[in-house]
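Student: Fit chain B to the known structure of chain A by using the hints.
2 protein chains.
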Amino acid sequence: MRSKFDNQLKELNDALVFLGSECEDCLTYAMQALVTGQKEMIERAMECEKNTDVKKREIQAMCMRLLQQQQPVAGDLRVISAALRMIIDMERIGDQGSDIAEISNHIDFTKNEYNKLITQMADITIKMLNTAVSSFVRRDTELAATVEKMDDEVDELFLKEKNILVDMMGSGEKTDRKTAEQTLEVLMIAKYFERIGDHTVNIAHSVKTMLNDGKTA
Amino acid sequence: MRSKFDNQLKELNDALVFLGSECEDCLTYAMQALVTGQKEMIERAMECEKNTDVKKREIQAMCMRLLQQQQPVAGDLRVISAALRMIIDMERIGDQGSDIAEISNHIDFTKNEYNKLITQMADITIKMLNTAVSSFVRRDTELAATVEKMDDEVDELFLKEKNILVDMMGSGEKTDRKTAEQTLEVLMIAKYFERIGDHTVNIAHSVKTMLNDGKTA
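So the sequences go chain by chain: A and B. Numbering of the first sequence is given in UniProt numbering, commencing with residue 1 and proceeding in unit increments. Numbering of the second sequence is given in UniProt numbering, commencing with residue 1 and proceeding in unit increments.
Okay, chain A solo, but in the shape it has when bound (with noise of 0.2 Å):
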């Protein structure tokens, strides 16, 4: 029966850390569609979205039937309660990943100033989430609280971004239609971004209260 048991949380742990990398590719197409513009990469982010609502659901089901047919306790019970957590945060990841691919359709990034620190704030919540899923998988606690420092510089980076977007707009020039329209797009990548890294410090935290012997967070 524990045998049994121990397969199925396998099989649970396996299908989180592919949800994981499913939101990662997500995020690194939806980049490269910022970047260079191609709609293909637009359309593969679109696809890693649509995986990442599909494994999530999955493993919502995987981890009802386990609590159904196992009864689990403790460690186990506290595993399934974090894997329910996490799999909001991951397919939450994965939209926002798939609104900045759509976004990317109508603005002209390429050509612009501040990309730069879109670029950042991509790496870095890359990044994080990359470092949250493994600290999941090897049970790290120290790990996981590295994710919430690193979210730190993606909030700082948002508002650089958001000053140096006033600034653009506040100039004193006059502005036209599709500046102000690229100008509040970006905005809206940026405020993704670190939206992005709230998640992965809710998918940290979640890693932490579940090795955090029954206390819940």
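Hints were generated in silico from the structure; no laboratory data involved. Mixed in with the good hints, there may be bad ones.
[Claimed, not checked] Examples of chain A residues lying across from chain B (beta carbon under 10 Å, computed):
(1) Asp89
(2) Lys162
(3) Leu165
(4) Met168
(5) Ser171
(6) Lys174
(7) Leu184
Note that this is a predicted model, so its numbers are computed, not measured. Using N, Cα and C, we set each Cβ at its ideal position, and we do this for glycine too.
Tutor: Just chain B now, kept in the frame of chain A:
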């Protein structure tokens, strides 16, 4: 045994309703903070957000205890599983309410022409939240389904608001730094309400899944 369990489920039910109404208050105060500019309203919104955090943790602990002690199956398990998802969305609504209140600290919303659509977005999202919680209390799938329709309105208002802001900024007139900053902040507020709409749809979706005889969504 069952009677004790029923009492615990009733307690869980009441706690969720309380959390929902705390979120509603948070949004109402946030909107009041924007419209009146009163510091007291900002503080009240922040206070509500703190309460939603505390309540969310309490409910999470309550659900874990129920899962461990009662090892629920079928419908009861679905209620607990739905509760675990709903509290995440509710907590984030609280977060976004306090974010909106915080912005009211540094923009002058009272004099702006764009506040009409934001007020409409606030009214609808508060109604959506109220309806989603009611659909949970009454176990009413049809009521839950109405929340989704209301969200279309919120999405439409967001796009309208964005267009107004683009028109304002891109009119070809010179823009000063303060106006640019305010415009970007108003876009953020609109985006928060749009996200709050999404979260209430998630809550309604959790209710539907809970009532939908074992299928997960």
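Student: Look at each hint and say if it fits the structure.
Tutor: These are the hints, each one checked on the structure:
Annotation: interface hint on Asp89 of chain A holds; nearest CB of chain B at approximately 9 Å, less than 10 Å. Among the interface hints, the one on Lys162 of chain A holds; its C-beta lies about 6 Å from the nearest C-beta in chain B, closer than the 10 Å criterion. Because the smallest distance between the Cβ of Leu165 of chain A and any Cβ of chain B comes to about 6 Å, under 10 Å, the interface hint for this residue holds. Among the interface hints, the one on Met168 of chain A holds; its C-beta lies about 8 Å from the nearest C-beta in chain B, closer than the 10 Å criterion.
The restraint placing Ser171 of chain A at the interface with chain B holds, with a minimum CB-CB distance near 8 Å, inside the 10 Å limit. Hint status for Lys174 of chain A relative to chain B: holds, with the closest Cβ pair at about 5 Å, below 10 Å. Hint on Leu184 of chain A holds. Least Cβ distance to chain B is approximately 6 Å, under the 10 Å limit.
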